[in-house]
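Engineer: Letter by letter, the chains look like this.
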Amino acid sequence: MIQLAVPEQAWQDVEPGTEALVDQWLVREGDRVLAGQVVAKVVLVKTTLEIAAPVDGVVERIFVPAEQTVAHGKPLGLLREG
Amino acid sequence: MTAAIGAQDLLRRASAGDQMDWIAAALAQPIGAPAISVWAYTAPAVVLGRSQRLTPEIAQRAATAGVPVRSSPAGGSAVLAGPWMLGAAVLLPPGHPSIGPSIPQSFRWFGVAHAAWLRRHGVDAMASPAPAPAQPGDEELDWACFASVSRWEVVAGSGKIVGLAQARRRNGVLLMSAVLLQPPPWALLCNVMNKPLSHAAVLACKTSSCARMRGQAIDPATLVQALRKALGEQLVTQELRAA
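So the protein lines, in turn, are chains E and V. Start counting the first sequence at 1; every next residue gets the next number (our numbering). Start counting the second sequence at 1001; every next residue gets the next number (our numbering).
Think of the hints as simulated: they come from the structure by calculation, not from any bench. Quick caveat, the model's predicted, so the values are computed rather than measured. Think of the CB as a built atom: it goes at the ideal place given N, C-alpha and C, for glycine as much as any other residue. Please note: incorrect hints may appear among the correct ones.
Restraint ranges, calculated between C-beta atoms of paired labels, are given here [what the hints assert, rightly or not]: (1) Met1126(V) to Ile2(E): 27 to 33 Å; (2) Glu19(E) to Gly1137(V): 32 to 38 Å; (3) Ala35(E) to Ala1025(V): 37 to 43 Å; (4) Ala52(E) to Arg1119(V): 36 to 42 Å; (5) Val1236(V) to Ala35(E): 32 to 38 Å; (6) Val1236(V) to Leu26(E): 17 to 23 Å; (7) Arg61(E) to Arg1214(V): 53 to 59 Å; (8) Met1126(V) to Val38(E): 35 to 41 Å; (9) Glu81(E) to Ser1198(V): 49 to 55 Å; (10) Val38(E) to Pro1183(V): 36 to 42 Å; (11) Glu1057(V) to Thr69(E): 43 to 49 Å.
Some chain E residues flagged as far from chain V (calculated, every beta-carbon gap over 12 Å) [as the list claims (entries may be wrong)]: (12) Ile2; (13) Asp13; (14) Val14; (15) Asp23; (16) Lys41; (17) Val43; (18) Lys46; (19) Glu50; (20) Gly57; (21) Glu60; (22) Phe63; (23) Pro75; (24) Glu81.
Isolated chain E, as found in the complex:
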């Protein structure tokens, strides 16, 4: 399984304790996605970010639904490669 997460680089220089808000999921559990496909949009420090699938696969789980927040290091969802 591969984690879907806010890229580590996006958290650089961000105040500790800040969380990202999931704005929108563009896929559902069970959807097949391609590497590079945008699967979700999140907001972090007045910035919208696109979350892309790192590999081809199937969205296995969505842990953080839209309008919920996620802490640094926590996954948004899981992707089954293949």
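Using the hints, position chain V against chain E.
Structural biologist: Quick look at chain V alone, frame taken from chain E:
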């Protein structure tokens, strides 16, 4: 690289809706070269941050007040655009040197450029290197962009005068600003957003404006020039570092 700067720069006197349409069209395709646009808004409009929802209630209240509501592709929270505000949008291609490795670093040059531009117009402004400490009750006002100061947003006197927001897409990066030329009618924003009128008084206290700071009359075109100059300086700095 510097030769590309300015190729698509523009100054528009139009609505915030026109601005959002222009930005949406620009972000729908890969951004090939930096583009700067400055918008002198001709009419009031509420612009929501990307994560804010246009509820039926807000839509109804806006319709009653005769104020259009649009959603920004960038983060941040609600602003009331109008003749009291200038808006800037800078589009940068992926990998451009002015896109910092971190989110705050991308805001840095943008905020610093706005502060320098304001100072040249007699407004004693500075880009804040740290977020303003939270005060009790601030969370009730997190719906409004100008209620808080994030890192590299611009303050003048004791209040915020420039709000910033950003969108990072595969096609490129958008940096946006909102500059208060005059105090906005905060009560109108509170009304549309269905917030207590007491929030309007707090927003008035937490903000500044060019008029309040007794700055000189500002030609919006000078903001285009200031951002163009700042982008050029960013490139020179990066080239010197790489040399």
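Engineer: Now, for every hint given, state plainly whether the structure supports it.
Structural biologist: Now for the hints, and whether the structure bears them out:
1. Met1126(V) to Ile2(E): 27 to 33 Å: violated, 44 Å
2. Glu19(E) to Gly1137(V): 32 to 38 Å: Since the Cβ atoms of glutamate 19(E) and glycine 1137(V) sit about 20 Å apart, the hinted range of 32 to 38 Å is violated.
3. Ala35(E) to Ala1025(V): 37 to 43 Å: With Cβ atoms ~27 Å apart, the hint is violated.
4. Ala52(E) to Arg1119(V): 36 to 42 Å: Holds, since alanine 52(E) and arginine 1119(V) (Cβ atoms, about 40 Å apart) stay within the stated range.
5. Val1236(V) to Ala35(E): 32 to 38 Å: holds, 36 Å
6. Val1236(V) to Leu26(E): 17 to 23 Å: Violated: the Cβ-Cβ distance is about 39 Å, outside 17 to 23 Å.
7. Arg61(E) to Arg1214(V): 53 to 59 Å: holds, 57 Å
8. Met1126(V) to Val38(E): 35 to 41 Å: holds, 37 Å
9. Glu81(E) to Ser1198(V): 49 to 55 Å: About 53 Å separates the Cβ atoms of glutamate 81(E) and serine 1198(V), which means 49 to 55 Å holds.
10. Val38(E) to Pro1183(V): 36 to 42 Å: For proline 1183(V) against valine 38(E), whose Cβ atoms are near 39 Å apart, the range 36 to 42 Å holds.
11. Glu1057(V) to Thr69(E): 43 to 49 Å: With a Cβ separation near 23 Å, glutamate 1057(V) and threonine 69(E) fall outside 43 to 49 Å, so the hint is violated.
12. Ile2: Isoleucine 2(E) clear of chain V: closest Cβ-Cβ about 19 Å, beyond 12 Å.
13. Asp13: violated, 4 Å
14. Val14: violated, 7 Å
15. Asp23: violated, 5 Å
16. Lys41: The claim is violated: lysine 41(E) sits with its nearest Cβ about 7 Å from chain V, within 12 Å.
17. Val43: Per Cβ check, valine 43(E) is inside 12 Å of chain V; nearest 4 Å; violated.
18. Lys46: violated, 4 Å
19. Glu50: violated, 6 Å
20. Gly57: holds, 19 Å
21. Glu60: With a cut-off of 12 Å, glutamate 60(E) remains clear of chain V, as the shortest Cβ separation is near 23 Å.
22. Phe63: holds, 18 Å
23. Pro75: About 20 Å separates proline 75(E) from the closest Cβ of chain V, which puts it past 12 Å; holds.
24. Glu81: Glutamate 81(E) is indeed farther than 12 Å from all Cβ atoms of chain V, at 21 Å.
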